[in-house]
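**Q** Read off the chains here:
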Amino acid sequence: MHELLERTIKEASDYFQNFLIHEYSNKSALHKIDGRVKLVSTVVFVVLAVSTFSLSKVITILLFLLVISAIAGLNMKRMFERIWLFTLFSFIVVLPLSVYNPLYGVIFTLRVAASLIAVQMLIMTTSFADLCSSLRYFKVPKTFVSALWIAYRYAILMFRELFAILLARESRRVAKGSHMDLWRKGGEAVGLFFLRSFERAERVQLAIEARGGNVVEYRGKIKKLDLIYSTIVGFTAFWWVII
Amino acid sequence: MHIPDGYLDLPIAGILYILSLVVLGYSIYRLRDEKFTPLFGIVAAAIFAAQMLNWPIPGGTSAHFVGGALAGILLGPYAGSLAMAVVLTIQCLVFADGGITALGANVWNMAVINVFLGYYAYRAFERFGKSAASFIAGWIGITLAAIFAGIEIGLSTSFGYGLSVTVPVMGLWHGILGIVEGTITAGVVSYIASSRPDILEEKAAPGKTALAVIAAMIVVSPLFAYAAELVGYSEPLENAAEMLGLSENPIYEGLLPDYTVPGIDPYTGTLIAGIVGTVIVLALGYVMARYARTT
Numbered sequence: 001m002h003e004l005l006e007r008t009i010k011e012a013s014d015y016f017q018n019f020l021i022h023e024y025s026n027k028s029a030l031h032k033i034d035g036r037v038k039l040v041s042t043v044v045f046v047v048l049a050v051s052t053f054s055l056s057k058v059i060t061i062l063l064f065l066l067v068i069s070a071i072a073g074l075n076m077k078r079m080f081e082r083i084w085l086f087t088l089f090s091f092i093v094v095l096p097l098s099v100y101n102p103l104y105g106v107i108f109t110l111r112v113a114a115s116l117i118a119v120q121m122l123i124m125t126t127s128f129a130d131l132c133s134s135l136r137y138f139k140v141p142k143t144f145v146s147a148l149w150i151a152y153r154y155a156i157l158m159f160r161e162l163f164a165i166l167l168a169r170e171s172r173r174v175a176k177g178s179h180m181d182l183w184r185k186g187g188e189a190v191g192l193f194f195l196r197s198f199e200r201a202e203r204v205q206l207a208i209e210a211r212g213g214n215v216v217e218y219r220g221k222i223k224k225l226d227l228i229y230s231t232i233v234g235f236t237a238f239w240w241v242i243i
Numbered sequence: 001m002h003i004p005d006g007y008l009d010l011p012i013a014g015i016l017y018i019l020s021l022v023v024l025g026y027s028i029y030r031l032r033d034e035k036f037t038p039l040f041g042i043v044a045a046a047i048f049a050a051q052m053l054n055w056p057i058p059g060g061t062s063a064h065f066v067g068g069a070l071a072g073i074l075l076g077p078y079a080g081s082l083a084m085a086v087v088l089t090i091q092c093l094v095f096a097d098g099g100i101t102a103l104g105a106n107v108w109n110m111a112v113i114n115v116f117l118g119y120y121a122y123r124a125f126e127r128f129g130k131s132a133a134s135f136i137a138g139w140i141g142i143t144l145a146a147i148f149a150g151i152e153i154g155l156s157t158s159f160g161y162g163l164s165v166t167v168p169v170m171g172l173w174h175g176i177l178g179i180v181e182g183t184i185t186a187g188v189v190s191y192i193a194s195s196r197p198d199i200l201e202e203k204a205a206p207g208k209t210a211l212a213v214i215a216a217m218i219v220v221s222p223l224f225a226y227a228a229e230l231v232g233y234s235e236p237l238e239n240a241a242e243m244l245g246l247s248e249n250p251i252y253e254g255l256l257p258d259y260t261v262p263g264i265d266p267y268t269g270t271l272i273a274g275i276v277g278t279v280i281v282l283a284l285g286y287v288m289a290r291y292a293r294t295t
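These protein sequence lines map, in sequence, to chains A and B.
With our numbering as the guide, the letters of the first sequence map in order to residues 1 to 243.
With our numbering as the guide, the letters of the second sequence map in order to residues 1 to 295.
Do not take every clue at face value.
[What the hints assert, rightly or not] Distance windows between CB atoms, simulated:
| no. | chain 1 | residue 1 | chain 2 | residue 2 | range |
| --- | --- | --- | --- | --- | --- |
| 1 | A | Gly220 | B | Asp198 | 42 to 48 Å |
| 2 | B | Leu163 | A | Pro141 | 30 to 36 Å |
| 3 | B | Leu163 | A | Ala210 | 51 to 57 Å |
| 4 | B | Val22 | A | Lys221 | 30 to 36 Å |
| 5 | B | Ala132 | A | Glu199 | 23 to 29 Å |
[Stated by the list, open to error] A partial selection of chain A residues facing chain B, derived with a Cβ cut-off under 10 Å:
| no. | residue |
| --- | --- |
| 6 | Leu39 |
| 7 | Trp84 |
| 8 | Phe86 |
| 9 | Gly105 |
| 10 | Phe108 |
| 11 | Ala151 |
| 12 | Leu157 |
| 13 | Met158 |
| 14 | Arg184 |
| 15 | Arg196 |
| 16 | Glu202 |
| 17 | Val204 |
| 18 | Ala207 |
[Stated by the list, open to error] Short derived list, chain B residues pointing at chain A, Cβ under 10 Å:
| no. | residue |
| --- | --- |
| 19 | Pro4 |
| 20 | Leu93 |
| 21 | Gly154 |
None of these hints come from the bench; they were simulated from the model.
Virtual Cβ for every residue (Gly too), placed ideally from N, Cα, C.
With the hints as constraints, model all of the structure from the sequences given.
**A** This is how it looks when you write it as structure tokens:
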């Protein structure tokens with residue numbers, strides 16, 4: 001069981017850092033832009049990046065994204081830390097094909113890198129509450145957005161619950177079991193964890209009803225800075241089209 | 001199994017978005033009268049946390065489970081697919097795990113195929129015992145979801161490998177990992193069956209018609225993807241005309257002739273024409289809706 005516990009704590013700690021890091025990252029100009037504008041811009045950037053195999057277009061979108069991120073004051077080191085692994089993975093996946101067509105390997109990898117940067121620009125500068133409000137503004141069903149919001153808010157609590165169960169099991173362990181034993185006990189631990197999550201869901205439902213419901217709605221207005229950013233995105237798309 | 005941006009062709013990604021939205025929309029519709037939000041919100045958080053659990057595998061490595069079949073067994077296919085869609089959306093929007101353009105495909109594979117097939121496999125084999133049924137459900141759910149992911153990226157011309165590579169690689173690898181998925185699913189279900197058997201009582205499931213439609217959509221989704229690829233790169237009628245030596249003689253070319261913008265390269269032109277067309281249709285729809293409301 002100790003192997004499982006160690007791995008879990010290590011993995012979850014890594015994820016926790018990523019999970020909340022954008023909430024604490026330095027404020028940049030992009031942080032001040034409306035979540036709706038950033039969400040649409042991200043979709044535009046990703047579509048532009050993945051809808052072409054022209055090297056000049058892919059490099060254009062990549063350069064625009066990097067310049068916008070740098071000028072806006074995003075932490076570029078942190079951004080590269082977050083994108084390098086999957087970019088490298090994508091390069092390795094298409095490496096055998098790159099032997100015959102090196103340009104394909106380069107363009108494929110750059111497309112993935114550009115998409116990842118576009119998504120990171122959104123993630124690093126937008127709170128999850130803003131994202132949920134933006135989704136509601138774009139008419140994503142309330143049921144789905146509310147579930148997203150609850151899942152996000154309770155994820156940390158559920159991690160703690162899981163740790164508590166695992167630690168309790170570990171403290172009761174008197175001998176190191178076989179692999180089969182480990183898996184069986186692990187299954188039981190996760191079973192207990194799901195039972196507790198059901199019971200918590202019941203309590204949360206009652207609490208929500210007692211407080212008069214849980215509505216995520218958008219109240220912000222489009223500002224001058226949002227229009228400037230939209231113009232930059234529009235200009236990027238225009239430049240992408242004409243080259 | 002999360003497909004990132006850049007691996008799928010846009011027509012295929014678009015088709016899978018539509019298929020996923022149809023099933024999720026129907027699931028929300030079926031759950032409209034139930035107070036399910038906290039339940040699948042918190043179960044989604046629990047699945048999300050449980051995905052962090054790495055099970056040691058002999059040989060010094062480890063694997064984690066996806067939880068699609070488990071979500072289906074515990075919540076039923078509708079709430080289960082919504083819970084998985086919530087997990088995948090958070091993974092996409094918070095961790096950049098899975099692409100924005102590929103979210104439709106990821107939801108289709110892991111929140112529709114994995115959940116629905118897992119749920120029905122469990123029901124089909126339940127008479128042989130809950131543990132055996134949940135093992136099969138966990139294994140078959142993740143393996144088939146991976147095979148569908150292989151088909152989707154194999155059909156995409158953006159991804160240089162064809163179906164003959166992507167399907168066996170995804171299917172075989174996940175077929176092996178699926179043993180871990182099945183074992184964990186069986187462990188969880190057995191524990192819940194002994195502690196709270198009421199949770200495993202039969203959940204709201206699709207009626208025969210809805211089930212037939214969803215099953216048909218799952219079966220033909222690779223064909224949809226294939227058709228999207230065909231439409232994206234060639235027009236069958238134009239091919240036929242070319243074979244017969246016929247040529248177009250239009251009376252009026254239109255503002256965006258042949259879905260292109262004069263003076264701009266065809267691919268970009270088609271993209272712009274598509275956006276313009278969508279905006280026009282949306283605007284007309286909005287005007288008609290306003291008109292219908294006032295009359």
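**Q** Now look at each hint and say whether the structure bears it out.
**A** Evaluation of the provided hints:
| no. | hint | in the structure |
| --- | --- | --- |
| 1 | A:Gly220 to B:Asp198: 42 to 48 Å | holds, 44 Å |
| 2 | B:Leu163 to A:Pro141: 30 to 36 Å | holds, 35 Å |
| 3 | B:Leu163 to A:Ala210: 51 to 57 Å | holds, 54 Å |
| 4 | B:Val22 to A:Lys221: 30 to 36 Å | holds, 34 Å |
| 5 | B:Ala132 to A:Glu199: 23 to 29 Å | holds, 28 Å |
| 6 | Leu39 | holds, 9 Å |
| 7 | Trp84 | violated, 12 Å |
| 8 | Phe86 | holds, 6 Å |
| 9 | Gly105 | holds, 8 Å |
| 10 | Phe108 | holds, 7 Å |
| 11 | Ala151 | holds, 4 Å |
| 12 | Leu157 | holds, 8 Å |
| 13 | Met158 | holds, 4 Å |
| 14 | Arg184 | holds, 6 Å |
| 15 | Arg196 | holds, 8 Å |
| 16 | Glu202 | holds, 8 Å |
| 17 | Val204 | holds, 4 Å |
| 18 | Ala207 | holds, 9 Å |
| 19 | Pro4 | holds, 6 Å |
| 20 | Leu93 | holds, 6 Å |
| 21 | Gly154 | violated, 13 Å |
Figure legend: structure checked against the earlier numbered hints; hints not met, in rising order: 7 and 21.
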